[in-house]
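Participant: Go by the hints and put chains B, C and D onto chain A.
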Amino acid sequence: MSVLAYLVAVWLLLVGIYGVVTSRHLVHLVTCLAVAQASTYVLLLAIGYRSGAKAPIFGDIPQSTPVVDPVVQALTLTDVVVSATVSALLLALAVQAHKRFGSVDPDELNALRG
Amino acid sequence: MALASLAILVPLCAAVLLAATTSLRRRRAADAVALGAAVAVLGLCLALVARSSDAPIVAWLGGWHPRHGVALGIDLYADPLAAGLAAFAALLTVAGLVVSMQQVDTASHLFHALVLTCLAGMVGFCLAGDLFTIFVFFELMGVSAYALSGFRVSERAPLEGALNFAITNSIGSLLLLAGIGLLYGRTGALNLAQMGVAVAQRPPDALVAVAFALVVCGFFVKAAIVPFHFWLADAYAVAPTSICLIFAGALSELGLYGVARVYFTVFSGALGGHEEAIRDVLLVLGLLTALVGGVMCAGQRHLKRMVAFATVAHMGILLCGVALLDSAGLAGVAVFVVGDGLVKAGLFVAIGALEDRRGSVDEHRLFGRGRGLPALGALFGVCGLALAALPPFGPFLGRALIEDAASHRGLDWVAPLLVVASALVGGAVLRVVRTVFLGRGAKPPPSRSAGADEAGEDPAERERPARAPVVVAFALVGLGLAWGLVPGLVDAVSGATAHFVDRPAYAAAVLRDASPHVPSVASKGPGVAAWLYGLASAGLAVVVASVRTVPEGPLRELHSGRVGDYVAWLATGAAVVAGVFALTLG
Amino acid sequence: MTALQATCLIAVAIIGTLVVFTRDPLRQAAVAGIFGLALSALFLSVQAPDVALSQITVGAIVVPVLVLLAMAKIREHDR
Amino acid sequence: MSRRVRCVLALVALGVLGATLVVAVGDLEPFGQYPGPYGDVLAKVVPGERHTGQLVAATVLDYRGFDTLGEELILFTAACGCVALLRLRRRERSDEPSAPERPAPSLASRALGGALVGPVLVLSAYIVIHGHLTPGGGFSGGVIGAGALLLAYAAGQRVRLRRVGSIAMLEASEAIGAGGFVALALGGLIAVGATLQNFLPLGTSGMLLSAGTLPVGNLAIGIEVAGAVALIVAEFLEQALLEEPSE
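Sequence lines, in order, name chains A, B, C and D.
Counting in my numbering, the first sequence runs from 1 upward without gaps.
Counting in my numbering, the second sequence runs from 1 upward without gaps.
Counting in my numbering, the third sequence runs from 1 upward without gaps.
Counting in my numbering, the fourth sequence runs from 1 upward without gaps.
The hints are simulated quantities; they were obtained by calculation from the structure and are not laboratory data.
Every residue, glycine too, gets a C-beta built ideally from N, C-alpha and C.
Hints are supplied without guarantee of correctness; some may be wrong.
Stated by the list, open to error - Which chain A residues face chain C? A few, computed with CB under 7 Å, are given here: (1) A5; (2) H25; (3) H28; (4) V68; (5) V95.
Extracted from the complex, chain A is given alone in its bound form (with noise of 0.2 Å):
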């Protein structure tokens, strides 16, 4: 049980890298992109994370109790902004690539090669 945390963080980031090679349509493609970057949101919170202690966030707790690890949750924080910000851009290109190429399929837009 003590590595399940980590197998389903190696888990998304196969499966999400899977659906990129197979994607037929660019927008699934960003989509399973995102998947793949969840995996290491998963993989941080859980290195970071500790039995019985409680959010890192003194308030309503007296501040001798065992946290969790706050830098992991700085690090998450900038992740989920940064992979947010790639789906935004490669989405943009992906409508773009459809008026001009009047295909979504990757494997349709040709205009390099060689």
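Facilitator: Relative to the frame of chain A, chains B, C and D by itself:
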């Protein structure tokens, strides 16, 4: 102390200012603000190089100095090598902005803002002393670069190039971040120096080996190392010229800088006993990249794509230098990055100028049409010879130092292979001189359009092509040639790299506030063998230039333009690197 | 590991897989929204309320809305 | 490479990669046993040094504030990038049907939208300004604020989004927010000598006006995020509503 953070904050301020005033549409003002900011960054970085030439500068952001060996905050670490690379990125950005002043398709405040955020990302990436900060600035330059490469949205090729670029590089940063997560789980630290101390406390296991592999693969995607490289030609060949030169001259090189920085601060202690295994893997990948890039380069008729593959080939040569994992190899890499980057940047600008005048970047369509442009033709010729490492110019000096460092380690077989790669690249450029500017050889039949969309940058909008880009091209190439002749260069760079590879000194400077001296090294220049190799590759390049086509075999088919294929290759590369490292290092 | 955490983890793994194998982008946007919610629940269960809040606003709302708008554009164009 | 070959290659590669990753995570500390020291040291020093119990906010905005600066600039860059990529070419815009008589939204939906704007805006502001006390902060609050802006737009339903000004206003707001955070970083440099260092009075822990620069940072982020997210969504919305000229 303030210099380092100002070098990052100044371009950000200017970018914000430009974005806030988009609706004003003042082209000249935007040019001036962006150029001013880039010049300021260049000045700040050069000042950093000068200030750090004795001892590195450590700046603790927020004033949070480490306590009891634990870093609470984030530091910026400027040593001559890091600051020098940042200055080089700023120099190319200045050149790019000057070139873009003449282009119609970059007339937007947003373009300038994106160039400046990209610059801030590159400078921050060079100076960051914290692994997660490295990731953040890696992403900042990445996101700016995706948008810039797709900036000409009205054409098809830039869109496809930008998509391939963004998707593959996002997966690269995913691998990098996963590696950072694993390392944080082991060390409970993000500061490079502190991580290095913590990692070295235990014998390396699979966790450290795989984390290293993931970080390296993440950087390899940006550095376009085979088989992570497929996106590069798609993206670089379609971006506006002013952007191409920044990308090809600095952006990819930063990927390898990341590998070296992280290895020599975090891993060299723990994995030092396995240097041989790491060296073998990196050397194989480097040589593969150099040769694949060279063959593909020689097979291109789309000129920008040709230079893009030249970039791939040269990233392979650079990786060979990094793979030696010592100060001498890195000194060669540092010299090569600047010399080669300047020449390639100049070549990109020259191609842009040719396109302005003749409306195409396709070698076959341009056949013989460059006859009226002797200056440009001469410039192409000089670039071709310099890229083929003709002594004594900048690219030669860098490659020679790498070759000497390799043979010093008993790896005498590396140099001949690098000669072949350089000759293919230089030969391809010289062939363009033969066909386009001299009109020699068989005239190609009018055939299908080249690999990428032929539309290119619209030449019809201007009656008189601008002169400024030609001047910039000559200046860049001139600087690249002169780089090899700077007196005392090799000594200065060797001192900087000797400090760069010194992990204990780095840790002492960061965690214990010591100020280790950057050593002064008296090194000898390239040996006789290296001169002969340089002459040989220049001669071989002339031979390659006279051949009609270079057979590429099935290689061309692999560069299919399909992002699914690219990601599959990326996963394969990551699996191989991670698997080999897990088996040999863990 | 608590039962709640284990449940959330398994739910995230299953729904994540479903997201990838839902090939129709519109339906996928809905599944992705649920995936975002499941992730938020997981984050709450590992005592990360800040991240959970960000994840709800971004993963379950903003990105799916962008996907729907992108699809609206693409669909209209197809017609 | 055919799709079939590609699929097989990817499956094999991901299998190998997965196996090595599984081996690697096996060497991590078991779940629930975070070894420290970074987070533990922060938990010890933050309440005294920053007068706040919100460790995550203190980490995000101060101790690792430079990362957040980079993150905000990434968001800013992405918004600029989306505008640049989705911007309409001149031809497209002039071909836009001059009077696209869209069905006016029903009174009920307008009233509902209008009625919601206020509360959502208040919620957003609340989350932003309490960011140094409770979960949430500039980012979550800012996204909700963007929601309020879009609701206001939906309630107004003047579909001509590009009515001069609205996009420019969003652009300015995201730039001002991002600029605010950069200015905060510079402020520390000018006032006390280190980039991002606190230069405001720390106040009493738990009060709304406390923790020095943290609430200011949250406010800047809130404005930036609200502007950037609203801008991105607005650009997509405009794309979706634009009648494509037949090409």
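Participant: Now, for every hint given, state plainly whether the structure supports it.
Facilitator: The hints, checked one at a time:
Against a cut-off of 7 Å between C-beta atoms, the interface hint on A5(A) holds, since the closest Cβ of chain C lies about 6 Å away. The interface hint given for H25(A) holds, since its Cβ lies 5 Å from the closest Cβ of chain C, which is under the 7 Å cut-off. Given the 7 Å rule on beta carbons, the hint for H28(A) holds: about 5 Å separates it from the nearest Cβ of chain C. This hint holds: V68(A) has a C-beta 5 Å from the nearest C-beta of chain C, less than the 7 Å allowed.
Annotation: V95(A) was flagged as interfacial toward chain C, and the flag holds, the nearest CB pair being 5 Å apart, inside 7 Å.
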